[in-house]
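Given the sequences, and given the hints that come with them, work out the whole structure.
Spelled out, the chains give:
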Amino acid sequence: MTTSTQKHEEPGSMSSVSPTRAPHSDVHRGHKPGRGRVGGGLFDPKQLVRSFPDAVAKLDPRVMIKSPVMFVVLTGSVLTTVFALMDPTDWFGWAIAAWLWLTTVFANLAEAVAEGRGKAQADTLRRARTDTVARRLSGATEERLPGTGLHIGDLVVCEAGDIIPGDGDVVDGVASVDESAVTGESAPVIRESGGDRSAVTGGTRVLSDRIVIKITAKPGETFIDRMIKLVEGAARQKTPNEIALNILLASLTIVFLLAVVTLQPFAVHAGREQPVIVLIALLVCLIPTTIGALLSAIGIAGMDRLVQRNVLAMSGRAVEAAGDVSTLLLDKTGTVTLGNRRAAEFVPVEGVSEAELADAAQLSSLADETPEGRSVVVLAKERYRLRERDQGELVHAEWVAFTAQSRMSGVDVDGCRVRKGAAGSVLAWVRERGGPVAEDAAAAADAISGAGGTPLLVAVEDDLGARVLGVIHLKDVVKEGMRERFDELRRMGIRTVMITGDNPLTARAIADEAGVDDYLAEATPEDKMALIKREQAGGKLVAMTGDGTNDAPALAQADVGVAMNTGTSAAKEAGNMVDLDSDPTKLIEVVEIGKQLLITRGALTTFSIANDVAKYFAIIPAMFAVVHPGLEKLNVMALSSPQSAILSAVVFNALIIVALVPLALRGVRYRPTGADRMLRRNLGIYGLGGLIAPFAGIKIIDLLISLIPGIG
Amino acid sequence: MSPLLAAVLQLLALVAALALTYRPLGDHMARVYSSTRHLRVEKWMYKAVGADPGTGMRWPAYLRGVLAFSAAGVLFLYLLQRLQGGLPGSLGFSSIDPDQAFNTAASFVANTNWQSYYGEQAMGHVVQTGGLAVQNFVSAAVGIAVAIALVRGFAHSRNGELGNFWADLVRGVVRILLPMSVIGAVVLVACGAIQNFAGIHEVGQFSGGTQQWNGGAVASQEVIKELGTNGGGYFNANSAHPFENPTPFSNLFEIFLILVIPFALTRTFGRMTGSLRQGHAILATMGTIWIGFTALMMWTEFHHGGPALDLAGGAMEGKETRFGVGGSSIFAVATTLTSTGAVNSFHSSFTGFGGGITMLGMQLGEIAPGGVGSGLYGMLIMAVVAVFIAGLMVGRTPEYLGKKIGTREIKLAACYILITPALVLCFTAASTALPTPADSMTNSGAHGFSEILYAFTSGANNNGSAFAGLNADTQWFNTTIGLAMLLGRFLPMVFVLALAGSLAGQRPVPATAGTLRTEKPLFTGLLVGTIMIIAGLTYFPALALGPLAEGLA
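Which chain is which? The protein sequence lines are A and B, in order. Here the working numbering is used: the first sequence runs in plain steps of one and ends on residue 705. Here the working numbering is used: the second sequence runs in plain steps of one and ends on residue 1256.
By construction, these hints were calculated from the structure, which means they are not laboratory data. Among these hints, one or two may not hold up.
As the list claims (entries may be wrong) - A short list of chain A residues far from chain B (calculated; beta carbon distances all over 12 Å):
1. Leu41
2. Phe76
3. Leu78
4. Glu136
5. Ala153
6. Arg198
7. Ala263
8. Gly264
9. Gly344
10. Glu349
11. Asp405
12. Leu420
13. Ala435
14. Glu515
15. Asp520
16. Glu625
Unchecked claim - Okay, derived cross-link-like pairs now, DSS-like style, lysine-lysine, Cα gap no bigger than 25 Å in a straight line:
17. Lys1114/B / Lys231/A
18. Lys533/A / Lys1223/B
19. Lys59/A / Lys1114/B
Because the structure is a prediction, the values reported are computed rather than measured. Where is the CB? At the ideal position from N, CA and C, for every residue including glycine.
In structure tokens form, the structure reads like this:
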């Protein structure tokens, strides 16, 4: 680790998982989706106006045919226009034709607005992908060529100030890299050869040092290129559920087409042949235009909500699968617990006061830069008000830094040696110096291990000889609010499994404290893979996060695999989502977004179909009350005239699309509850609401129309 | 006792009888279709057709069995009628014309029993008992078999197998329909229904002149007519005829026979899928619609205004005095909400709304409780659609009984729900638009339109009842209704079996707290709503020009 990067890190936030970001800084944000930077669905009415030209441009029949429902409306618009032209003095024909065109345009508008939001993001990304010059190594010589001329396997050099020309892995050197172009995060990250932090993204900038990169992606297929395509919606394919819904909507359209087409012979038989314009108006009102118009906007907006949370879904299928997830695999570190173990208490041996132990512990930990070591200093300060001493304060002190080999840290000062470290190492150190075997310290250490914690021993050698002073209890600190979060997930029907390399004892203690449903202790990548396969064999969908190369097979196997952006390119390749913030907690939000997407689709479908009831009550009496006066009793809304009734239904049908655009883009409000409550609530709002709302809406429009002089 | 109170008591007795038989019959049927043992008589039959009852069939094989068996049935029945003139035991009746023979053959094989002939004036013992009654058994057994195949689709995991069609067919007849028919026939005979092979009697009328009375194996045909939701009467007057349905008790018993298997099949469904509560939810949905329709029918038939009606105690026109408004209303709803089509009163003479209720009952797809087998599979298809629309609102891609409702499943369900509306609306439109078919109507205006709408609704939904008033024995109606019956019966079966195959190939998803609970009352309400809205929206314009225009006038 170079010094230039260390200053960017907050003390105490060093995490082995995401070296550049303090994972817990996101916890609170995660609690309230839709607030702060992840604003989700703020909708600006001006977007409607801005997207209008795009919406008109989408009137191409070749584009419209993709949505069978809207294609029928387009055909209807053309036909009514033709009929209006044949009888140009009839205001009614023109009015219907105009509103049918508006219906079509409004549907396109929804999609255009949804896409527009992605375009802005894409433009920002494009700016990052400026034409770069690559310095390619061939043997010992270096040649300059445009970044677009690179091939997979080329080695390129980047030095401070250079823009990395393409995606690749660092094969030599260490550097700090500014990835803000991709992640929006200004704090630089470390990229080094080997290990799990070797991946670099094209378009990011090297801030310090020199690295050699092996290119792993073809120009045009880099991460940034894929991101641009994704946020622009160009790479969007219909998801399985969307296709299924489209089929259902198409079949409903056919049913209504049959109902309306066969109505003409019935009408003739009844002695009341209907103008074709009226039949088209009836058809457009009946077919599920509301959901047909908003369906693709809902899908785009769902992806967009993920992008706003800095998660890139490589396919819409993955977002949908996220809603179905029934098992979440969560890495303990960084997700369930704060990055590292922390000192929780000091347990002195007999004859030593806690304050004495705390003092010695603090002193011996000053030279320990590991998060555990720092946490001892913090605990001593918080619990015993021991001021943090600076290493420079003690002049003749000789510092013993913590190393993986010695597993101890400490200080030698004024003939007194203080050591703190792993139980075995410290006991050996005391024994070497002829100190007694501390029975009660060993017992305390065992007790701590038994409770799932980690004991650190503190020993001193002074005039009285070498002896153990006591034990520091290190334990994992569960992130605040995680228990509530897991309770929510349980109510949603999602089982959480904590994955950890800890021993089963430690794992269970943390699992109990955090409230996860299950844990996998001493987990190897193979264990993880086996667990996923086991769950999937039971028909469950599994979501997980991962960052290392050894996570890649599991990420690929999982139904939803969220790779951390800090991870290796193998991991990013294997997962179907990438979290640019590298925040493993976000998996929970991803699941919620997936669910919200599905709910929004279902709610608007239900609403759309329920709407038809009122439209029948408006249009059927208007068509046939002349020959069957009894049918006038169905005119429960007391609409002023037959023409006004039909026009009102058409106008309502068009306006409801615009009215629901914000809902489609924002998504239906989602609260994590059980299926029953959610269904009751949504059925109440969108089912019953869908039945009632159009009665009121059509009546109001009819009142307004009847005020127009010369009509009604 | 007022007629209304009597009607309510009859309804309560009916519900009690159905409740008593629900468990034993439902469980019995589940055992029949899950058993691995074969009766000796069954083994003979398997040998005769060369089938191995032990092999599991995938859906195409199962479908081939259904279609081949039914095609053979149509052909046999057609030839039997065409050759009647030369057959012994035909009471001297001549052969049936080609168009009517086709219509009748299609009708009985499709479990519809639409009759464009007068039974007592056209069909002898051989055709009635050797042809029509046989189809009454086997067409019902085919319906149950297809429903059981769909149930197995939900119950099976990843093997794609739906059971063996020949075993299901034979068992349905031998172990369910035959034993129940024997008991039922005895009861009907005890009530006074006739059962003989007597010839035609000339009987003097009170008003002078003579009348011809046929004998026949009536009770035995009557019982399977109701039990198998067939509906084809021995006599033209169907269950209004005193030889078929002599007393108010026999009337109630016949209604019970109509409803008993379709309701109990929900128990079988629950048993075989391992969740009785899922079966109860389907039962509740069917029961809610059935009770609701019956209540509406009684309300409109008892309270229809007018001096003559007040004197008669309700809309008595076209109803038998021995059944009254109550017994007729309950029967009419039961027969049109199932695919039975037997009638004990003339639906054409019901009030405008009453006629509309019988039509809407069929237009729902006859699923509450529906025909034997066809009611269950029709309802399960609607459940799939309801789960798909509303199931999304719990934030998961839809699943029913642990099986995902994906693109293929919804495609098949959508095709299923498209068929009957397409047949009904297109044929009705053609019949009103073409010059000659309209000559068959005896009424003009809304009522005349209802006659045609009813005919095709009844045919395409395999009900078989007629609105009366329409002369259906014309080449046009014999052919079109015949086609509507065949397509309305077998096309849906294609999609049901394909769906069953698709479901059987899936691995079930375990239920969690996030899963839509399809065994809860909320889902029952949702399912009722989906059924009413989808059928209502499809047929509202047509109904508005027929029964609604009449009822609101």
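Going by Cβ atoms, does Leu420/A stay more than 12 Å from chain B at every point?
holds, 49 Å
A cut-off of 12 Å on Cβ-Cβ distance, and Glu625/A was said to be off the interface with chain B. Does that hold?
violated, 8 Å
Minimum Cβ separation between Leu41/A and chain B greater than 12 Å?
Holds: least Cβ distance 26 Å, greater than 12 Å.
Least C-beta distance between Asp405/A and chain B, which was stated to exceed 12 Å:
Per Cβ check, Asp405/A is outside 12 Å of chain B; nearest 59 Å; holds.
Is the Cβ of Leu78/A more than 12 Å away from each Cβ in chain B?
Consistent with the label, Leu78/A stays out of reach of chain B, its closest Cβ about 27 Å off (over 12 Å).
Ala153/A non-interfacial with respect to chain B [C-beta, more than 12 Å]:
About 48 Å separates Ala153/A from the closest Cβ of chain B, which puts it past 12 Å; holds.
With 12 Å as the threshold, tell me whether Ala263/A passes as away from chain B on beta-carbon distances.
Check fails; 5 Å does not lie beyond 12 Å.
Hint check: Lys1114/B vs Lys231/A, CA-CA at most 25 Å. Holds or violated?
Roughly 16 Å separates the two Cα atoms, so the pair holds.
Do the alpha carbons of Lys59/A and Lys1114/B lie within 25 Å of each other, as the hint requires?
holds, 17 Å
Gly264/A non-interfacial with respect to chain B [C-beta, more than 12 Å]:
violated, 8 Å
For the pair supplied as a hint, Lys533/A and Lys1223/B, is the alpha-carbon distance within the 25 Å limit?
holds, 23 Å
Cβ separation check - Arg198/A to all of chain B, threshold 12 Å:
holds, 41 Å
Against the hints set out earlier in the document, violations occur for numbers 7, 8, 16.
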